[in-house]
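K.L.:
Whenever a hint applies, use it, and build me the whole structure from the sequences.
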Amino acid sequence: MQQLSTFKGGLKLDGHKKMSTSAAISKIPLAEKLVIPVQQHIGLEPDIIVNVGDKVLKGQLIAKASADISANIHASSSGTVIAIDKQDVPHPSALPATCITIETDGKDQWIERQPVKDDYKNKTCVELLTIIREAGIVGLGGATFPTSAKLQGCDQKHIETLIINGAECEPYISCDDKLMQERADEVILGTQVLQHLLSSKQTVIAVEDNKPEAIASLNSSLSKLGINNIDVAVIPTRYPTGGEKQLIKVITNKEVPTKGRPADIGILCQNVATASSIYRAVYHDEPIISRLVTVTGEAVNNPENVEALIGTPMSTLIEQCGGYKNNVGGLIMGGPMMGFALPSDELPITKACNCLLTQTTEQLQLPSSKACIRCGECAEVCPANLLPQQLYWYSSSKNFDRAQDLHLFDCIECGCCSYVCPSHIPLVQYYRFAKTEIWAQEKDKAKSDIARQRHEFREARIAREKAEREEKLRQKKEILAKKKAAEAGKADPVDPKKAAIEAALARVKAKKQASDVEPKNTDNLTEQQLEKIRQADARRKQADKPATTEDDKK
Amino acid sequence: MLTALIILAVLAAIFGLILGYSAIRFKVEGDPIVDQIDALLPQTQCGQCTYPGCRPYAQAIANGEAPINQCPPGGETTILQLADLLGVEALELNPEHGEESVATVAVIDEDNCIGCTLCIQACPVDAIFGAAKQMHTIIADECTGCDLCLPPCPVDCIDMVPVKTETSSWKWSLPDNNKTAPKA
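If you read the sequences in order, they're chains R and Y. The opening residue of the first sequence carries number 1 in this note's numbering; numbering runs sequentially from there. The opening residue of the second sequence carries number 1 in this note's numbering; numbering runs sequentially from there.
A portion of the hints provided could be inaccurate.
Capping the alpha-carbon separation at 20 Å, the derived lysine to aspartate or glutamate pairs in DMTMM-like fashion look like this [claimed, not checked]:
| hint | chain 1 | residue 1 | chain 2 | residue 2 |
| --- | --- | --- | --- | --- |
| 1 | R | 443 | Y | 65 |
| 2 | Y | 164 | R | 88 |
| 3 | R | 249 | R | 380 |
Read the hints as simulated data drawn from the structure, not as lab findings.
P.N.:
Written out as structure tokens, the structure reads:
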């Protein structure tokens, strides 16, 4: 085990963890209705593959990952899908999102499972990643980034050090602590799967020194299982040691480059709860359908850690823990440093929900913020080596370019700067504002680029169509002109009508000429015969003037 | 004296040749400043700036014919970015051209659409799908909310509805205690 290092900044905070660690993990009874949000992770929303009215079994896939960075969602218990609609979910926006509601049948009947168990050692990297992906496993430390995406291609990335993060540095939260205490075997076996997957040279489970029971439990489990290639590193308690980059600095004394990932320097971090989920997926073919939640704070009667099915209403957990005290003022999801306030407790437990922190009315009374006095305390405590004051300046004046120049996106939103600010400025909220604002601008930019492309394409199409029409017209005109020229070139047209008319005229002419011919056999005629001829000639002449023909006949 | 003159003349000739060559070799096609301005405009192609589309407005700004505050869809953000790019003072949005409002998307009331194709011809980004005597529909992802399809519709079956905020597109707001925010 190498020498531990430290990271710059950070704070020593009161843990408040003892209040929730005395009782053993208890299970929350099955709720009548489970409301399962389909978006419980970072990335794209998965595609829903069930319909209202479908019967589902516990562990059945109900929404399928739609991309690499997306995660499967499973039914937490058996029952009937009674609704697929927008419902309130635990999200800082307090906006409704798509949820699948399952009315449980109380049987809690599992879907057929085929765990690979110890056979995983014969599986390839891709096969193991598929198991992890199928199980809908996401980073349970809080970020909920799909684990299979984080591990993707890691067999080629040469991971030297695998760090299993059991630091759990944020006050009040103790679910990872209890997990390590009571289910150390699961954590260690899950870690072994990761170790096999990454063929890492060094594997460290990092635990803060304020969790002696967890450390003892892990060590005894390691010796019981006869494993000697996993170390338990006891690290000093200091917030935010549990931050990925901070933990890497402490364990390996290496810094993750800005805009880089730990894998770039041969390190991979996974949370202890994630390792335990991997164990469950591999050894029991169990997807993530439940998680440990710390229900704690000064305004709940019996703070403890509970195991709740995903989709269970938060109010059920609070009841299980003895209900609220009279002085309850609010509820926070997550810890006091990084969590966000919830509008109500009628919201479902999600994969991200590690802690429900109750607040008293006094705790809600925050001092109003005053002007920045440029004391520089925030820069002292920033664990990411940023300049919080400058970031605050640029974020609040919407000068996002400058804020990004100062590495706004390296901010891990740990809240140390806000905590120490003597003017009580909610600094992190300014950074969150700036970050979401920048993302929105980037989205708008992408959209406007598409609009520009489509507009230009349309203009080009209209121009092309016009040109084509003109070209066609020109060609037609050309053909006509050619025809005329050709007709003019020939002496007489070969028009059959004209020819027929002319032929008829010619016949008439010929007839006329024929009528002028001297009559034959005119010799030796009697006077009467001559008279008749004269009369016939007169009639013929009359016939040439048609108007008078009839009178002659009379 | 003569040597110096000759040397200078030769140097001048050499540099002249280099400059002349690079003027041809590295000639910039088009007007890059127009492209840069156009890249900042929201591309709704709505014509509220009185120019027939975003690019003509960008051209007008580049030529100094139009001020930078005529784009209501872009609003304050675009004005700030344009001011930053052009090194001019940021102006308030000119109310003559409209007010900055929430992003909208067109929705066709499909029961009332008579399939006249007039809106299809008006849409600057081909975001309306349909054919003669067939019902039309809007491709919402491509719609820029420019309102240009509204006037030609003979049965008034197109509505502009605000784009819904989802959890994925939601933004944190600037903290309420804005009195402490410093002036830029």
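K.L.:
Evaluate each hint against the coordinates.
P.N.:
Going through the hints against the structure:
1. 443/R / 65/Y: violated, 30 Å
2. 164/Y / 88/R: Cα-Cα ~15 Å, so holds.
3. 249/R / 380/R: holds, 17 Å
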